[in-house]
Amino acid sequence: MRRQSIGLLLIVLLGCSSLKARDNAHYFKSANLHRNPTACWFDDTRYYEIDDWAWKVEDDFMYGHASSGWDKNGNTANILNDTGAYDMKWVAENVPLTDVQIVYQNMINAFTIDSAAALVVDPTTSFGELRFDGKFEMFENDYIVRKNLKKGFFVQAYVPVRSVKIKNISYTDMSAALGPFSQQTASWQQIKNNFDQILNEFGYKPHASAFSKSGLGDVSFLLGWQDVFTKRDDEDKDVYTLNLSVKAGVLCPTGERIKTDYIFSMPTGYNNHWGLSGAIELDLGVTSWLSIDMFGGFTWFFDDNNREVRMRTFNQQNGHIMLAKGIAKEEKGTLWYLGGDLKFDHIWKGLSATAGYSYNRQENDELTPENTNLFDKTAVNSNSMLNGWYTHVLHFMLDYDISVHMKKTTKWAPRVNLFYNMPLDGKNAYKTDVFGGGIGFDLLW
0 MRRQSIGLLL IVLLGCSSLK ARDNAHYFKS ANLHRNPTAC WFDDTRYYEI
50 DDWAWKVEDD FMYGHASSGW DKNGNTANIL NDTGAYDMKW VAENVPLTDV
100 QIVYQNMINA FTIDSAAALV VDPTTSFGEL RFDGKFEMFE NDYIVRKNLK
150 KGFFVQAYVP VRSVKIKNIS YTDMSAALGP FSQQTASWQQ IKNNFDQILN
200 EFGYKPHASA FSKSGLGDVS FLLGWQDVFT KRDDEDKDVY TLNLSVKAGV
250 LCPTGERIKT DYIFSMPTGY NNHWGLSGAI ELDLGVTSWL SIDMFGGFTW
300 FFDDNNREVR MRTFNQQNGH IMLAKGIAKE EKGTLWYLGG DLKFDHIWKG
350 LSATAGYSYN RQENDELTPE NTNLFDKTAV NSNSMLNGWY THVLHFMLDY
400 DISVHMKKTT KWAPRVNLFY NMPLDGKNAY KTDVFGGGIG FDLLW
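Once you know that position 237 of the sequence shown is 236 in numbering that gives the first Met the number 0, the rest is easy, because the numbers rise by one and skip nothing.
Note that these hints are calculated values from the structure, not bench results. All of these numbers come straight from a predicted model, not from anything done at the bench. Virtual Cβ for every residue (Gly too), placed ideally from N, Cα, C. Take these hints with a grain of salt, some might be off.
Computed spacing ranges between beta-carbons, pair by pair [said to hold, decoys possible]:
| id | residue 1 | residue 2 | range |
| --- | --- | --- | --- |
| 1 | TRP52 | ALA209 | 28 to 34 Å |
| 2 | TRP52 | THR286 | 26 to 32 Å |
| 3 | VAL120 | GLY387 | 36 to 42 Å |
| 4 | THR75 | ILE291 | 30 to 36 Å |
| 5 | ASN363 | ALA185 | 25 to 31 Å |
Hey, can you work out the whole structure from these sequences and the hints?
Written out as structure tokens, the structure is:
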């Protein structure tokens, strides 16, 4: 399994960029470290992670929370104010109404007349604007099972189980405290006093309703290949090693979709889209205890052609409140990452330490509405909520290989780890610090 020539592989690696493999990075959570799991050394006579028929089993548990994030301009804001203050002056523009809703339409009409007058007096007025605030919390378990085949090939399954919650939802009236167009204006007070009733008429739950969903994320099944290439000295000792792995597979839409009856909702996966994934990783061992890892990945999503979603009916509308729903085709933007890390391997008995960085990005989504009389495609897709997102994340991990304390003839060994993912910068993303720990087993069957 060891080979001398690695020049060609380096050229191939440099020609391969932007590959991804699983349900990991999201706008609402910092990505986990993208490198392959640590391998148990056992008796340290060969590279057991590529042994024929070996098993690797992982279970990582993590927790994260956030109240702030990066908005559409990359500035810090509350997670629910990512689109800027919600301008309620336009929220009902072009929205069809039923007879039952006429009473609320009269309120909206009175408010619209005052809003138009306020804009004449001051085109930059904050009259009728709301700033929303809230908190996000998540728990997650990631289960990873890998089964080696022959000649470096392996199959892998990745099963995330995720619980997400948006809570403590409130709003602040950004209108002036006093004046002709202010928090005291009668038409605006009437809208605020009947806010939840108006939302209910358009299929929304009350604005402060906490959103909570637990279940599967998106399950992935992958086929991969991994090998270790070595350069040896005259005494047959490794001068350096090159550990290369590539994999590709399918991401299944097993997660929950966004719920249209909540103002603030999120999926537990990638909003019910099938995906094709791939990944590549190069781990260069420069000494027996230090390696430099480089990785990249992508997921390309299939379109969903028949989905009920909330959409803009006017190009001045902003925020998560959209009163009109319709059927649309959703094209989800490609998700990809690049990064690297340094691993200090078995620096004290079974203890290893890793520090890394990743850039994670999803491109813009696009909606094609079925009812083009009600929904103008340009107005629909000018919504910043459909814009892509990115995050810069630092990764830190400590792991311990317990095989170094076991008999050399053992055929299995456990591993444990602690990790922290720290968001550094981003756009349209939450500042979710993620803390976690895990346990894994290597089985040489």
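Results of checking the hints against the structure:
1. TRP52 x ALA209: 28 to 34 Å: This hint is violated: roughly 48 Å between Cβ atoms.
2. TRP52 x THR286: 26 to 32 Å: holds (30 Å)
3. VAL120 x GLY387: 36 to 42 Å: Taking Cβ atoms as reference, VAL120 and GLY387 lie about 37 Å apart, which means the hint holds.
4. THR75 x ILE291: 30 to 36 Å: Holds - the Cβ-Cβ distance for THR75 and ILE291, about 33 Å, lies within 30 to 36 Å.
5. ASN363 x ALA185: 25 to 31 Å: Roughly 41 Å apart at Cβ, these two residues miss the hinted range, so it is violated.
Figure legend: structure checked against the earlier numbered hints; hints not met, in rising order: 1 and 5.
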